[in-house]
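Peer 1: Okay, here's what each chain looks like letter by letter:
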Amino acid sequence: QEGGAQTAGSPTSAAAEPPAGGGTFAVITHAASGDAFWDVVKNGAEAAGKQYGVTVSYQGDGDPARQSQLIDQAVSQKVDGIVVSMANPDALKESVGKAVAAKIPVITINSGGDKSKEFGAITHVGQSEDVAGRGAGEQLKAAGVKKLLCVIHEAGNVGLDQRCNGATEGLGGTVERLQVEGTNLADATSKITARLQSDTSLDGVLALNPAVAIAARDAIADSGSKAKLGTFDLSGDVVTAIKDGEILFAVDQQQYLQGWLPITFLTLYAKNLNTVGGGLPVNTGPGFVTKDNAEQVAKLAESGTR
Amino acid sequence: MTATGGAPARGEAGFAVPLLETRECGKTFGGVIALREVSMQVRAGEVTCVLGDNGAGKSTLIKILSGVHPPDSGVYLVDGAPAAFTSPRDALDRGIATVYQDLAMIPLMSVWRNFFLGSEPSLGWGPLRRFDVARAKRTVRQELRSMGIDIRDVDQPVGTLSGGERQSVAIARAVHFGARVLILDEPTSALGVKQAGVVLRYIAQARDRGLGVVFITHNPHHAYPIGDRFLLLNRGASMGEYGKADITRQELTSLMAGGAELEQLAHELSRDEPPGGPKEIR
Amino acid sequence: MTATGGAPARGEAGFAVPLLETRECGKTFGGVIALREVSMQVRAGEVTCVLGDNGAGKSTLIKILSGVHPPDSGVYLVDGAPAAFTSPRDALDRGIATVYQDLAMIPLMSVWRNFFLGSEPSLGWGPLRRFDVARAKRTVRQELRSMGIDIRDVDQPVGTLSGGERQSVAIARAVHFGARVLILDEPTSALGVKQAGVVLRYIAQARDRGLGVVFITHNPHHAYPIGDRFLLLNRGASMGEYGKADITRQELTSLMAGGAELEQLAHELSRDEPPGGPKEIR
Amino acid sequence: MTVADERLAGTGLARRLLIRPELGAVVGAIAVFAFFAGQSETFRSIEGVANWLDPASTLGIMAVAIALLMIGGEFDLSAGVLTGSTGLIMVILSTRYGLSVWTAMLVALVVALLVGFLNGLIVVRTKLPSFIVTLGTFLMLQGINLGVTKALTGTVQVSGLRRAEGYDQARALLAGTFSLGGTDFRVAILWWLGVTALATWVLMRTRPGNWIFAVGGDERAARAVGVPADRTKIALFMTTAVAAWLVGSILALRFTSVQANAGLGQEFVYIIAAVIGGCLLTGGYGSAVGASIGALIFGMADKGIVFLGWDADWFKFFLGAMLLLATLANRLVRRYAEEVRH
Amino acid sequence: MTVADERLAGTGLARRLLIRPELGAVVGAIAVFAFFAGQSETFRSIEGVANWLDPASTLGIMAVAIALLMIGGEFDLSAGVLTGSTGLIMVILSTRYGLSVWTAMLVALVVALLVGFLNGLIVVRTKLPSFIVTLGTFLMLQGINLGVTKALTGTVQVSGLRRAEGYDQARALLAGTFSLGGTDFRVAILWWLGVTALATWVLMRTRPGNWIFAVGGDERAARAVGVPADRTKIALFMTTAVAAWLVGSILALRFTSVQANAGLGQEFVYIIAAVIGGCLLTGGYGSAVGASIGALIFGMADKGIVFLGWDADWFKFFLGAMLLLATLANRLVRRYAEEVRH
Ligand SMILES: Nc1ncnc2c1ncn2[C@@H]1O[C@H](COP(=O)(O)OP(=O)(O)OP(=O)(O)O)[C@@H](O)[C@H]1O
Ligand SMILES: Nc1ncnc2c1ncn2[C@@H]1O[C@H](COP(=O)(O)OP(=O)(O)OP(=O)(O)O)[C@@H](O)[C@H]1O
Ligand SMILES: [Mg+2]
Ligand SMILES: [Mg+2]
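Chains as they are written, first to last, in this note's numbering: chain A, 20 to 325; chain B, 52 to 333; chain C, 52 to 333; chain D, 618 to 959; chain E, 618 to 959.
Hints listed in this document are in silico derivations from the structure and should not be mistaken for laboratory results.
Only a predicted model underlies this, so the values are computations on that prediction, with no experimental measurement involved.
Do not rely on the hints blindly, as some may be mistaken.
To give a feel for the contact side, a few chain D residues facing chain E, derived at Cβ under 7 Å [unchecked claim]:
| # | residue |
| --- | --- |
| 1 | Phe-652 |
| 2 | Pro-746 |
| 3 | Leu-756 |
| 4 | Gln-759 |
| 5 | Lys-767 |
| 6 | Leu-936 |
| 7 | Leu-941 |
As a list, the in silico DSSO-like pairs of lysine-lysine whose alpha-carbon atoms are at most 27 Å apart [as the list claims (entries may be wrong)]:
| # | chain 1 | residue 1 | chain 2 | residue 2 |
| --- | --- | --- | --- | --- |
| 8 | E | Lys-767 | A | Lys-165 |
| 9 | A | Lys-122 | A | Lys-69 |
| 10 | A | Lys-112 | E | Lys-744 |
| 11 | A | Lys-160 | A | Lys-245 |
| 12 | A | Lys-136 | A | Lys-247 |
| 13 | A | Lys-262 | A | Lys-166 |
| 14 | A | Lys-310 | A | Lys-262 |
| 15 | A | Lys-122 | A | Lys-136 |
| 16 | B | Lys-245 | C | Lys-188 |
| 17 | A | Lys-290 | A | Lys-97 |
| 18 | A | Lys-245 | A | Lys-262 |
| 19 | A | Lys-160 | E | Lys-744 |
| 20 | E | Lys-767 | A | Lys-166 |
| 21 | A | Lys-134 | A | Lys-112 |
| 22 | A | Lys-290 | A | Lys-122 |
| 23 | E | Lys-767 | A | Lys-134 |
| 24 | A | Lys-165 | A | Lys-290 |
| 25 | C | Lys-188 | C | Lys-245 |
Note that beta-carbon positions come from the ideal geometry of N, C-alpha and C, so glycine has one too.
Could you build the full structure based on these sequences and the hints that come with them?
Peer 2: Written out as structure tokens, the structure is:
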């Protein structure tokens, strides 16, 4: 848990020469750095790198074209392994193929599990956003929610769209979407308030990141709505709000594992040619943080490992 | 000294249709009435001088003639037919070339690009048609030299020229492209005596080639010898159009200067001068 | 007709330290040598005229005097001590006010804002110090009226004024703020005869109040009666500085005009005139 | 010559109003309001108004500052991210280093002033376009926000301001609410009005205001008459930074937590609001009130679509159409105004 | 008077080179290259070069078009999103409606031309600033991209172009590779060079090129001498749209799938590249080659930081610092050039 904080503590540590016997692994995701969810993945990967004495470089970009360029770069740098999240598998096919052709082991994480094997990755870690979204939908359904507002804080982001789609499946009821600016919380609050004010039949809100969750909490209070609130991912404030009963649950995909495990697997593969689970996907979640277990994870969320 | 109305001042071009004619043209900008009911004619082979104080509406009249502004009221005839110019391009296409007082040049562009702007010489055909740069530069250099302006470098941006140099380029351009009518708004104001002389000679040449010339100046010494008709504007309104025969140099000068007041002034100024020199302040 | 060097032309201000003095000042822009080794003096109570063809470097010299450009070579002395102006503000603070030929006004700003730009009258103290708008507008209206310019509306943006109106505002401003030295770069070129007369009268008044005036013009009829010394520039170099006593009106005119050539020109132009009027083309 | 001029048409109050640069924006705002109020009851209810005034207020504060800067002929792309930086500084200092909220705010202010000063200094010294310089600052601040936050806290967001000393007073002052007709309005709305009034006064009635118009209209000419152009520009950049600090503090105090990417992308919205409000991108023309109304139009359109419950997928489409129509209404009115003036 | 002028100093080849607007950008590019090449072997290896030329090529194509538009005094904020729109149209038409890739590309081209034409038409007719007009188009296209894609496919991305008719030829032409020294380079690089050369020729050697400089430098003066300003501007907007179509097609063919938010945010990067390359934001000055080199600088800095393996959290910081330093180097060189000229 401490590991994540420490690794991140020295900005250029990832670029340092690998200790003897180590390799260099590139983690390339479909989210720009600074995203709360993916930051935990990064922490996990870097902590694992530190643990095994290997160099981990993390890069991410939401634009599939740029993500594929990052893979190309990693290939020309002749890294010893690539970890890639495939939100848009089609777009990455060529670049991943290039890596595989260059005999660089590839592990896919998070999304794109169904294409993982086809593209020649050695395994897949974590399940897609749909699954997590479905879990959230089911939880809300259990809480009696009939009409849900799914708050998308980045228009056109595939992962967020998949979460909402999953929630629609899980809930079985009506799911409406709302677009807000994730970087402007005042705007998010007032848009959620506006939606709740103008449609009082909304009885549930699903936020897709912790900051928006806090905005949604305020909005529910401002509008005097009785809507139940669920969210993805954790922050100190979210945990407090869960404890206070303002937020019902937070979906916890345990994405730390989506960073940690691939590095572990790649290290083992490099040393020992191990492939975990014979190439079958390894699931990391979803878990749920509710009032019951909020206390325990509170500290962990603060330090960026949950 | 009587207003001639439509009667031509000079014989040979006399009864032909005027090249340009405005009838009771007016122009308003927001709350400002810049021009009201001004009628004038421009005839081939004649120089029409427009005279008037600052802000009298001379430039506004010019801009109507050259298609920059449409008149708000009245009619504007070209070759006797109503003209509906929507842009200066239309006027240029009818052979009307203008030197504007305030819309001169594009400062960031080089002298030769400015000179040919809008009427670039071409080379080649179809998609390969291109700006004949070599010819453009050569022509500009020649035209300027023949005006007695020696620009060191036609690649220099116009913004770095001196005030008079810039003015000279604009005049050279208008003379070069003026096919039937040449309109000059205070072309000589920024020029040295020598250069002004050259410009006056150009005007005379254009007139002799049969062009209609409209010439604005504040200098009666420039206006009188070359003008054939004189349109007087005052505070936006026309004070009448005079043929050269109807007005003497003295009348013109005092009309432009506001009369006797000036003699008094010259007196005040020239403290070292014998009091004989007052009339020189014009 | 001899160059006077440093000798003063007029008695009373004669042996005092000149207000402004340049010694062998030069200025280069990129590849262009605009001014080389020009020496001149500006004395209190005297009008120094700078004469020369277009592009001779007059405006460049003016800009050195008023702090827009530092000279590239030579020294520039104010009150006998080397001045290192880094901006026109410094010059203004030493009482040197200038009307520039090309850096006149901010077109989008109203007349009254332009007039007081950089020297706004204030009202109130401390953080409540504010622009005294009422006084500013009143002053502008008065100043312009006393120049014979009647601007309808001092709230009008300067960009919508006529060329001469704009020039008048700039002159009125310089006269209003000129404490010790008044520098005017072709102030009368865009003005009507009447307005030009008013400006000359202003110059005379300023001179009589003991200001040093630098005056640039292409019109010998404006320059001679009011000038006390004449600095002649040609292609960036000084052709000498003359006191009024050292030069006659005829010499000055022909120096400015490039000599006999003009008589010939006047001949060509005035086809309707008796050949007696050639000297008028100046 | 001294009597009423025959060349001037009616100069009554109506005309005076019609030529103000804000006029078009006001009409645009009324049109947008009428459109949404006509269709959504909640939009025109007092709670609705309180709701859409809330984001308009923080946007408005920034838009006014950006408008001053734009009138002065410069851009600031770093202002949005700077709101995040100041918030981060405040929260990190008071939660991790135990400073009181007030001290933390002061430190954040100093940092903001420094950033503004550096922006200005680089612009006036190097004469590089401010677009490029502040783009550099924008990117660098973005990196610093993320890098420092991660280095100090291990996560990409910091929270817990509520427990800091002085939080309650600071919140009441900057992020609290006041009641009007039984509905709670955000205090930020008052700050917005105050900032707009102050900026208008500076612009219209002080010497620096005159200089701002001048450096934006024609910097060389302004320098030639002795306007301290460099100082004016640096001061404008610092003003923008102060506004960013104010907005950053308001948001941090309100949400008690700040994300490392807070404010990102907003720099654009500020410019949009200023331009809708009539500022010229090329400088030298505009008004603070106009920028405020631009912020209002943007805020109303942005929220109004949500009130109407239109499909979220098409949100941006409606927003774009709305802004275009509002500015068109704006432009038509101004044209009409110029015509009836004579 | 006709002999060599004594008021002119040396006019040799050196001076001719030094006064080109691209000079500074070239020096900036060399500095950035030297910096990264000195530290990363991969960066200077031929594979590395192929790597960073790849993003520079698509960026460069757009930057050149945007540079022309900026020289003509206008902005286009919708260009980035339009690359996404054309890609979406292409993929949707050929995967959902069975059109061949070529027909789909043709339809996309027509749509792009229409968007460009409308942008231009609105700008010249309403005289609204193009910043606002294309901002409207930007938002509306964004909404359409998302709304239509969701409506037709139920997700925010479409894929499967690989199976469409004519894919292989189209890909070879636009998104294929060519081999040089044993390394594969993207064909887009050739397109980029071609576009740059064509734009340079138009700008420097044709009548429309002269008009572009003129309408950007002073539109009123240009109109006064008869330049068809409206036509020139509309043509510029349409040129930008064609470039967006080209880039959109290249990317769609290469990745065979397009996301509904593709191209978003890139509009900004195009402007940055053009400005780094020496274009004035106020119009009337700049060069196509400069914009290309600006794109190269941006591409090198963007990828170079990744090659050095610096922490991704600080990526933006380094990028900002790099851009600022490159433009500063650029400016210093230009100043020096102006000094040695005499
Ligand atoms: N675009 C405009 N908007 C408002 N007022 C204008 C505009 N153009 C000109 N005017 C006004 O119309 C009047 C006539 O201007 P014009 O430029 O025609 O005068 P002019 O006779 O050319 O004067 P000058 O000899 O000084 O050049 C002026 O008072 C000017 O203020
Ligand atoms: N910023 C500049 N860059 C390059 N060349 C310049 C610059 N300013 C002036 N020059 C050149 O220097 C020479 C002198 O210009 P200046 O403006 O001093 O002439 P002037 O005597 O005022 O002429 P005029 O009577 O026409 O106003 C001109 O040839 C001009 O082209
Ligand atoms: Mg005029
Ligand atoms: Mg001059």
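Peer 1: Against this structure, judge whether each hint is valid.
Peer 2: Right, here's what the structure says about each hint:
1. A distance limit of 7 Å between C-beta atoms decides the matter here; for Phe-652 of chain D the minimum to chain E is near 16 Å, and the interface restraint is violated.
2. Because the beta carbon of Pro-746 of chain D sits about 6 Å from the nearest beta carbon in chain E, less than 7 Å, this interface hint is met.
3. The interface hint given for Leu-756 of chain D is met, as the beta carbon of that residue sits about 3 Å from the closest beta carbon of chain E, less than 7 Å.
4. The criterion of a C-beta within 7 Å of any C-beta in chain E is met by Gln-759 of chain D, whose closest approach is roughly 4 Å, and the hint holds.
5. The interface hint given for Lys-767 of chain D is met, as the beta carbon of that residue sits about 5 Å from the closest beta carbon of chain E, less than 7 Å.
6. Taking 7 Å as the C-beta contact cut-off toward chain E, the hint placing Leu-936 of chain D at the interface holds, the least distance being around 5 Å.
7. Taking 7 Å as the C-beta contact cut-off toward chain E, the hint placing Leu-941 of chain D at the interface holds, the least distance being around 3 Å.
8. Simply put, Lys-767 of chain E and Lys-165 of chain A have alpha-carbon atoms about 23 Å apart, close enough for the 27 Å limit, and the pair holds.
9. Distance hint between Lys-122 of chain A and Lys-69 of chain A is fulfilled; the C-alpha atoms sit about 24 Å from each other, no more than 27 Å.
10. Distance hint between Lys-112 of chain A and Lys-744 of chain E is unfulfilled; the C-alpha atoms sit about 46 Å from each other, more than 27 Å.
11. Between the alpha carbons of Lys-160 of chain A and Lys-245 of chain A the distance comes to roughly 15 Å, so the proposed pair stays at or under 27 Å and holds.
12. A threshold of 27 Å between alpha carbons decides the hint, and for Lys-136 of chain A with Lys-247 of chain A the separation of about 39 Å lies outside it, so the pair is violated.
13. Taking the CA atoms of Lys-262 of chain A and Lys-166 of chain A, the gap is near 24 Å; set against the 27 Å cutoff, the hint holds.
14. Restraint check for Lys-310 of chain A and Lys-262 of chain A: satisfied, since their Cα atoms lie roughly 5 Å apart, inside the 27 Å limit.
15. Under the criterion of a C-alpha separation no larger than 27 Å, the hint pairing Lys-122 of chain A with Lys-136 of chain A is consistent with the structure, at around 15 Å.
16. At roughly 41 Å between alpha-carbon atoms, Lys-245 of chain B and Lys-188 of chain C are farther apart than 27 Å, so this suggested pair is violated.
17. With a C-alpha separation of about 17 Å, the suggested pair Lys-290 of chain A and Lys-97 of chain A falls inside the 27 Å cut-off, and the hint holds.
18. Only pairs whose Cα atoms come within 27 Å are accepted, and Lys-245 of chain A paired with Lys-262 of chain A is accepted, the gap being roughly 18 Å.
19. At most 27 Å may separate the alpha-carbon atoms for a hinted pair to count; Lys-160 of chain A and Lys-744 of chain E exceed this at roughly 54 Å.
20. Pair hint Lys-767 of chain E plus Lys-166 of chain A holds up; C-alpha atoms about 21 Å apart against a cutoff of 27 Å.
21. About 9 Å separates the Cα atoms of Lys-134 of chain A and Lys-112 of chain A, which keeps this hinted pair within 27 Å; it holds.
22. With a CA separation close to 15 Å, the supplied pair Lys-290 of chain A and Lys-122 of chain A stays within the 27 Å bound.
23. Distance restraint check for Lys-767 of chain E and Lys-134 of chain A: the Cα-Cα separation of roughly 22 Å lies within the 27 Å cut-off, and the hinted pair is therefore satisfied.
24. Of the supplied pair hints, the one linking Lys-165 of chain A and Lys-290 of chain A is violated, its CA atoms being roughly 52 Å apart against a limit of 27 Å.
25. About 24 Å separates the Cα atoms of Lys-188 of chain C and Lys-245 of chain C, which keeps this hinted pair within 27 Å; it holds.
Checked against the numbered hints above, the structure violates hints 1, 10, 12, 16, 19, 24; every other hint is satisfied.
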